[in-house]
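With chain A's structure known, arrange chain H on it following the hints.
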Amino acid sequence: MTNPAASTFVYVTFIRTTPERLWSALTDPQFTKQYWFGMHQETDWKAGSPWQLVFSDGRVADSGEIVEADPPRRLIIKWRNEFRPELKSEGYSRCTMDLEPMDGAVKLTITHVMDHAESKFIEAVSGGWPRILSNLKSLLETGELAMVQKDAVELRHSAGQ
Amino acid sequence: MDTVFKALADPTRRQLLDLLHARNGQTLGELCEGLAMSRQAVSKHLALLETANLVATIWHGREKLHYLNPVPIHEISERWIGKFEHTRLAALAELKSTLEGEDHD
Chain A
1 MTNPAASTFV YVTFIRTTPE RLWSALTDPQ FTKQYWFGMH QETDWKAGSP
51 WQLVFSDGRV ADSGEIVEAD PPRRLIIKWR NEFRPELKSE GYSRCTMDLE
101 PMDGAVKLTI THVMDHAESK FIEAVSGGWP RILSNLKSLL ETGELAMVQK
151 DAVELRHSAG Q
Chain H
1001 MDTVFKALAD PTRRQLLDLL HARNGQTLGE LCEGLAMSRQ AVSKHLALLE
1051 TANLVATIWH GREKLHYLNP VPIHEISERW IGKFEHTRLA ALAELKSTLE
1101 GEDHD
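Residue numbers (this note's numbering), protein chains in the order written: chain A, 1 to 161; chain H, 1001 to 1105.
It is worth saying that the hints were derived from the structure and are not from the lab. Watch out, some of these pointers could steer you wrong.
A few chain A residues facing chain H, derived, Cβ under 7 Å [stated by the list, open to error]: (1) 8; (2) 10; (3) 11; (4) 12; (5) 13; (6) 130; (7) 133; (8) 135.
Covered stretches of chain H, as calculated for chain A (at least 3 residues, CB under 8 Å) [as the list claims (entries may be wrong)]: (9) 1052 to 1058; (10) 1065 to 1078.
Keep in mind it's a predicted model, so treat the numbers as computed, not measured. Cβ coordinates follow ideal geometry from the N, Cα and C atoms, glycine included.
Excised from the complex, chain H in its bound form:
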């Protein structure tokens, strides 16, 4: 679980997860287009996300496609949130996003 929190502690890596959440199965090149940094830097961030099992990769011919793997995030949620009522938390989250807009960093 340490690797998951370390991976999530960086804004660029969270942005990469957001990009995959918006469109799953992107190549390194496609992910670089949305970010102002070198291909090498993005590649390093992706490797860290993959080590934490937050990103899974599948080869499609010669292209490596990246997928958001929600399983570790679900496990974190189950560990601390699971015993509370999901519905009430969902209502609060909805209220927050309605009041604040969709910005969440």
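Just chain A, same shape as in the assembly:
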């Protein structure tokens, strides 16, 4: 449920795959590295467990907690930036990933919400999600990436952080 006073971005993409394959693509660290600009997530994907998004060099980009994990339907992550003080100070955002099977494809809806208006964090991730989702779609449907790997500086921006 969204609060109109909040900062919200919604991303929708349709991927020709199964909910099970998409779930595994979203949660497997080796697979994630391929489309998330070298980053991966560290968690056991159980509600209440800690969650981290880690740069390829091992630094922690973002951290938080798994709020809900209902494979292969819904994933909710409590999510805070860790490496930019002005973004970290905004506190936790909430990222919901919904997977719905639809005519031989899966509709993936990502809703990223910060509970106050004009969030700089939500603005920062807004540049990253479309690129990550394009890569994910392309990788699952064709086995190839839509974009080549960028260098480390570009990577930080690309990852939406």
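Frame of chain A; chain H shown alone:
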């Protein structure tokens, strides 16, 4: 991709996307305020944008909120622009907007 181009080929629908870009998560009523046309006509345009996946909707209680979904536009950009240098194109876009002002229809 055809549906995306068809949806973008109409000035009213581009205006709706501009309104959502300015403020995301608006209701049909709020979007109608910025446009001189019937609620029914705006609703039809929004349905077309949603079919093209350029607009995503989320129910908030009894209100249907509309969000600009940038993913299809990004895919178009990747298809034809992705292999060129983004930085050079960004510099050109900036030059154009500086010289022409913010009008872009």
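The hints, checked one at a time:
no., hint, result
1, 8, "holds, 5 Å"
2, 10, "holds, 4 Å"
3, 11, "holds, 5 Å"
4, 12, "holds, 4 Å"
5, 13, "holds, 5 Å"
6, 130, "holds, 4 Å"
7, 133, "holds, 5 Å"
8, 135, "violated, 9 Å"
9, 1052 to 1058, "holds (count 3)"
10, 1065 to 1078, "holds (count 9)"
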